[in-house]
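Spelled out, the chains give:
Number of protein chains: 2
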Amino acid sequence: MRAIVYRGAGGIDVVDLAEVATPVAGPDQVLVRVRASGLNRADVIQRRGGYPAPAGWPADIPGLEYAGEVAAVGPGVSGVEVGARVMGLVGGGAQAEYLVTHRRELIPIPAGIDFEQAAAIPEAFLTAYDALVTRGRTRDGERVLVHAVGSGVSTAAVQLARWLGATVAGTSRTRSKLDRVAALGVSETIDTSSGGFAHRLSRPVDVILDFFGGGSLNENLQALGPKGRLVILGTLQGGVAEKVDVARILRGRLEVIGTVMRSRPHDERVPLVEEFIARVLPELAAGRMAPVMGAVFPMTELAAAHAAMEANEVFGKIVLRW
Amino acid sequence: MRAIVYRGAGGIDVVDLAEVATPVAGPDQVLVRVRASGLNRADVIQRRGGYPAPAGWPADIPGLEYAGEVAAVGPGVSGVEVGARVMGLVGGGAQAEYLVTHRRELIPIPAGIDFEQAAAIPEAFLTAYDALVTRGRTRDGERVLVHAVGSGVSTAAVQLARWLGATVAGTSRTRSKLDRVAALGVSETIDTSSGGFAHRLSRPVDVILDFFGGGSLNENLQALGPKGRLVILGTLQGGVAEKVDVARILRGRLEVIGTVMRSRPHDERVPLVEEFIARVLPELAAGRMAPVMGAVFPMTELAAAHAAMEANEVFGKIVLRW
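Order-wise, the sequence lines are chains A and B.
Residue numbers for the first sequence, in the working numbering: 1 to 322.
Residue numbers for the second sequence, in the working numbering: 1001 to 1322.
If you are wondering where the hints come from, they were derived from the structure by calculation, not from laboratory data.
Incorrect hints may have been included.
To be verified - Here are the simulated DSSO-like cross-link-like pairs (lysine-lysine), alpha carbons at most 30 Å apart as the crow flies: (1) A/Lys-227 - B/Lys-1243; (2) A/Lys-227 - B/Lys-1227; (3) B/Lys-1227 - A/Lys-243; (4) B/Lys-1243 - A/Lys-243; (5) B/Lys-1227 - B/Lys-1243; (6) A/Lys-243 - A/Lys-227.
Claimed, not checked - Looking from chain A toward chain B, a few residues come up when the C-beta cut is under 10 Å (computed): (7) Val-82; (8) Ala-84; (9) Gly-214.
C-beta: ideal position from N, C-alpha, C; glycine also.
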């Protein structure tokens, strides 16, 4: 099969399209013919050498999510039909023509959603659901702040937060992205190209989804109201925070919650997938939520897709298709 | 009535015993004749000017917990008998001969527990219960690290952690205190008079109860295993943490949780008290848990009690009695 392969770490020149061995489905596994795969910030960071694949996943083939068809099932797998349209998260290896995954991590693609749209769903919606619901415990009537609000995860988070009954504020350094999120339900936008956000919020928030990490930790703490939860999903502005106001964490009874999706073991992925299928998939199937499609590139033009992501110019998900 | 009064902020000389007006129970309130009151670190910090009483509580009379008898009930209060033995938390004013509190914040004192013992229960056990159960979500089979393990809150936390099915490691700078906590169920002790703790733990922990704040934040993060929760109850080693390893919070999917008891509104105190009465009070009544009594001072010798707390030499609670 063909697959994207990272030949070492560095710039876009380490990306190659190569012929590699097609994987074989083992017990409880399913072989998926990949039709499309989302591109994630993590793929770019991995290309630069900063985010190796967890154990048990392809080390040199990137790709954390896919949409495709079941091509074959492994020994002992029942209830999964060859040809079924499926999507899901993997720890790596999705930017290939085939991948294997555990049958219990498959998510059926609802009718009416095509492969490209489906490939934009798993990472964005599962990550945002987990961050807002499982970790952030967002409740009806609360107020959520979503940073970098034009990203795939963020545009999913906005829809999920509204579905939970929360109101949403969003930040971006790109004015045109802020202009577009109002349609998703963001009621307050802050353009951070010209400064900070905490003092410009109309009032404190209950939950923050943050991708910046160290560089914005103190300002995030300032933005939280009593019992607020800061869910950190990335460290794009550094892995170390200087002079953290711990007294504020105490006084406000705040929580700083770190989360990553990729390294989770199978035993944790399964209940999340099951909860997602039960609660969120019906919303997607009915069209009450939808992935925000930013750009679709042929897999053979992965370099251009990486460049688009690194330029921060795309609103919504970047998807790769075979 | 007589009451301890702080005349300004500073050393032990600001403490005075004065004649003040006896409070009057309003609607839904109860007047309690205080027989004993626990001394807490917060009382010492407040004396130094660092921890003012929250709104609605006496600003100059210290004391966060009491044991005594119902002396009178306010308008509309039923189901509370004059003479009933009660204990509880207040936002201030417990180091006085009388106090008023809401009827729903009263905790009955079980038979067999005297006033001095009872005065050692509310702050230590409610704080530790809330930190371990409500905030820290400690589960059967987990591993808990309790800092300053000889304190009132810590000795309660050790018993509660064991009751939850957790194993307990403890730190102290005082060897003799570490020698005594084994009897409470601490299975691993670390003497921090000669250095750090994280690298000396036999293995990572799931939950940490911390009173040090900024000064120990990074080392606490190092001590946590995957999905670990650091519950911070104090900032005795500073309110600011330098160079916090946010990337570790992410990778480990850790949580940093701040908590304070004193400033909580009535609406939050009531469900905590109700849960405590249902779950923990039976353990205390049956003698399966007990407050660790460190020293009892007459209220008139409060200066000596403050000095004993500031010397960090007492193992367990310091209690004041009229």
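_For each hint given before, does the structure comply? Return the numbers of the non-compliant ones in rising order._
7 and 8
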